[in-house]
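Chemist: Spelled out, the chains give:
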Amino acid sequence: MQHTNTQDTLVGLFVAAGIAGLFFLSMQVSNLSSFTEHDSYTITARFENSGGLKVKSPVSAAGVKIGQVTGIRFDPKTYQSVVSLSIDVQYNNLPEDTTASIFTAGLLGEQYVSLEPGGSDDFLKNGGNIEITQSAIILEKAIGQFLFKSAEEKAEGKKK
Amino acid sequence: MDKSVSPQNSLVSVRHLTFTRGDTKIFDDISMEFERGKITAIMGPSGTGKTTLLKLIGGQLFPNQGIINIDNKNVHQLRRADLYSLRKRMGMLFQSGALLTDMNVYDNVAFPLREHTHLPESMIRTLVLMKLQAVGLRGARNLMPNELSGGMARRVALARAIALDPMMIMYDEPFTGQDPISKGALVHLIKSLNNTLGLTSIMVSHDVQETTAIADYIYVISGGKIVGQGTPQEIKQSTSEWVQQFMTGAADGPVHFHYPAKDYVDDLLSSGKRY
Amino acid sequence: MMIEFLQTLGKNTRASFTKLGRATFFLIQTVSGTASVLPRPRLLLKQMYSVGVLSFLIITISGLFVGMVLGLQGYYTLSDFGAEETLGVMVAASLVRELGPVVSALLFAGRAGSALTAEIGLMKATEQLSGMEMMAVDPIKRIISPRFLAGLLSMPLLAALFSAVGIIGGQLVGSGLLGVDEGAYWSQMQANIDFQDDIINGVLKSLVFGFVTSWIALFEGYDSVPTSEGVSRATTRTVVNSAFSILGLDFILTALMFGDD
Ligand SMILES: Nc1ncnc2c1ncn2[C@@H]1O[C@H](COP(=O)(O)OP(=O)(O)OP(=O)(O)O)[C@@H](O)[C@H]1O
Ligand SMILES: [Mg+2]
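Chains as they are written, first to last, in my numbering: chain A, 1444 to 1603; chain B, -1 to 273; chain C, 74 to 334.
Since the hints were made in silico from the structure, they are not lab data.
Hints are not guaranteed to be accurate.
Dumping the calculated DSS-like pairs for lysine-lysine here, alpha-carbon to alpha-carbon at most 27 Å [said to hold, decoys possible]:
#1 B:K71 x C:K92
#2 A:K1499 x A:K1592
#3 B:K223 x B:K71
#4 A:K1520 x A:K1508
#5 C:K84 x B:K23
#6 A:K1497 x A:K1584
#7 C:K119 x B:K86
#8 C:K214 x B:K86
#9 B:K234 x B:K223
#10 B:K260 x B:K181
#11 B:K234 x B:K189
#12 A:K1597 x A:K1499
Assemble the whole structure, with the sequences as input and the hints as a guide.
Modeler: Put into structure tokens, the structure is as follows:
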């Protein structure tokens, strides 16, 4: 029965396509791939203000994602924000004097931790601590400035 | 042959059956016996409830009063599983054929075999071709139901009804839409199924000629009552006006050709209100 | 006048309740009937074909266009704020959480649901269901349950395809046409779309929609008046009731799933 065979094949293709779609959504669209990541080690960084940083926010170096934020807590003694960063083991050669900054991707984009390697010969190890940090830019201020500036520009544009 | 049907020897017995649809009483306290191994015919004007009776016997409709026993079991008190296993031994030829429209003739006849048996496909093929041969449609096995004429569809449905070699078959107007040749063949088929397999047959039909030729016993129903019963001979010689009108096909008599309505002239002359 | 109105209202209310009762009973039978489908995958496969495969084209093409429109509109809106990097997030979130499950379910109701109702209704009108019962074959198990299961399984697959194709469509427009950085499109998306909260919830939504749409379609067919007019009315009711149920349920599900974020 040729007819039935074609139907079976098409159903098979359909199911395969659907599952591929689900797989695509899981691995390519969502953050699932970062859970299944290979071994990682954790370091901490203290910020005066961690802004809108969240658990699972990306950690990148030179624009490439190398890990993610796994915890943020407030230290009542120093009044600082203690951020735990989980870094992929393959990047285990970050110098001890690496600096961590909190940046925003785009103006309204999410915040992420950017690491800038220093020049030390000693590398950060699991449980290590980043000494030099730069806090988040306070978004509200930036927006205020931006809106103010663009309003001014528009007003000037109208005058001309 | 016995003059009256003995309840001891009947496969199906209907006792004091009353059935209503809305406000109309379709059956009003009727009792019938259908003897094992015999062909019992039910005749009656269109719309009296012959199809309804078959559906009641098949357990698809529930009576308001009375009981229907098949093989000494009350059909309407059976558990679902028991009803289904009983139905496996009952064939029914629907008035409309009721073929499954998404399969061809072959698969339609094979359907009950595939659903209820675990026979290998080669065996099923043999059985299906035998049944199709019996109704003269072996050559039409690859046609789809929409490619069949009404009469052909009915014959395929008959082949399907006998596929499981049931103990009884209910035929709902098997001869309608058949040409004289296939009518003759069907009469022969029904008769021989009955004789060779010892089937019990319940046959609904309007065809006086064919029915009197093969039936062992005939019930004539009209207006919810049994108006006549007996062997074909008795029926033919019946003095009952009802039966005579039916057998001779006279338009006038106790049975009216017209569905109950108000007076024709009154109706025509009454206001032109649209319905 | 008033009395008449109240009478009609009462009658209609009672009719809706008895119908709901029948529908519930039907659902229970259908769901318990699915157990007997599993040993016969061929029945399911055939229905997956007519329910799933035949909906494939309309779903993927619609998904592509919806994604492209989202890419275009999203870009215009976001670029005003200099946030076009987040286009991927916007496109993916809209699709995965809402548009994927909802639009594909609406299309499914129109494409497959109406066909199911018409098919079952006609089977009833031509006494095929009744005939099956007399052959001791339960039409619920043999006809309804496989179709129900096929609808239930196809819906999440179709919704996933819709979203996936849409996200690619958004990327084609966003980075292909409008110059959003491709890397940013994907990485921002990955950072913000949560597997648990977004993908799983989206799949759950489409399972619920598949369940409800198949239920409505099959019940309306099974419960239809067995005439051509009755079947055509039932088909219309399937599309209308499915649309209402999908949109109403979507609101409830969204409130439950994404509410306390
Ligand atoms: N589903 C139904 N709902 C309401 N009334 C029905 C229904 N089916 C049949 N009837 C009524 O029941 C009566 C008996 O119908 P039935 O089909 O049993 O007649 P019949 O004797 O088989 O007629 P025919 O010889 O034309 O086939 C008819 O008057 C019909 O109007
Ligand atoms: Mg009839």
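Chemist: Against this structure, judge whether each hint is valid.
Modeler: Evaluated hints:
1. Proposed proximity of K71 of chain B and K92 of chain C is contradicted: the alpha carbons are some 33 Å apart, above 27 Å.
2. For the hint pairing K1499 of chain A with K1592 of chain A, the CA-to-CA distance comes to about 33 Å; that exceeds 27 Å, so the pair is violated.
3. Using a Cα cut-off of 27 Å, the hinted pair K223 of chain B and K71 of chain B holds, with the two alpha carbons roughly 24 Å apart.
4. For the proposed pair K1520 of chain A and K1508 of chain A, the alpha carbon gap of about 32 Å is over 27 Å, so the pair is violated.
5. Restraint check: the Cα-Cα separation between K84 of chain C and K23 of chain B comes to about 25 Å, which is no more than 27 Å; the hinted pair holds.
6. Among the hinted pairs, K1497 of chain A with K1584 of chain A is consistent with the structure: their alpha-carbon atoms are about 19 Å apart, no more than 27 Å.
7. Proximity of K119 of chain C to K86 of chain B is assessed by CA-CA distance (about 26 Å); at most 27 Å being required, the pair is judged to hold.
8. This hinted pair checks out: K214 of chain C and K86 of chain B have alpha carbons roughly 16 Å apart, not beyond 27 Å.
9. For the given pair, K234 of chain B sits about 19 Å from K223 of chain B by alpha-carbon distance, which is consistent with the 27 Å threshold.
10. Of the supplied pair hints, the one linking K260 of chain B and K181 of chain B is violated, its CA atoms being roughly 38 Å apart against a limit of 27 Å.
11. The straight-line distance between the Cα atoms of K234 of chain B and K189 of chain B is roughly 20 Å, inside the 27 Å bound, and the hint therefore holds.
12. Restraint check for K1597 of chain A and K1499 of chain A: not satisfied, since their Cα atoms lie roughly 38 Å apart, outside the 27 Å limit.
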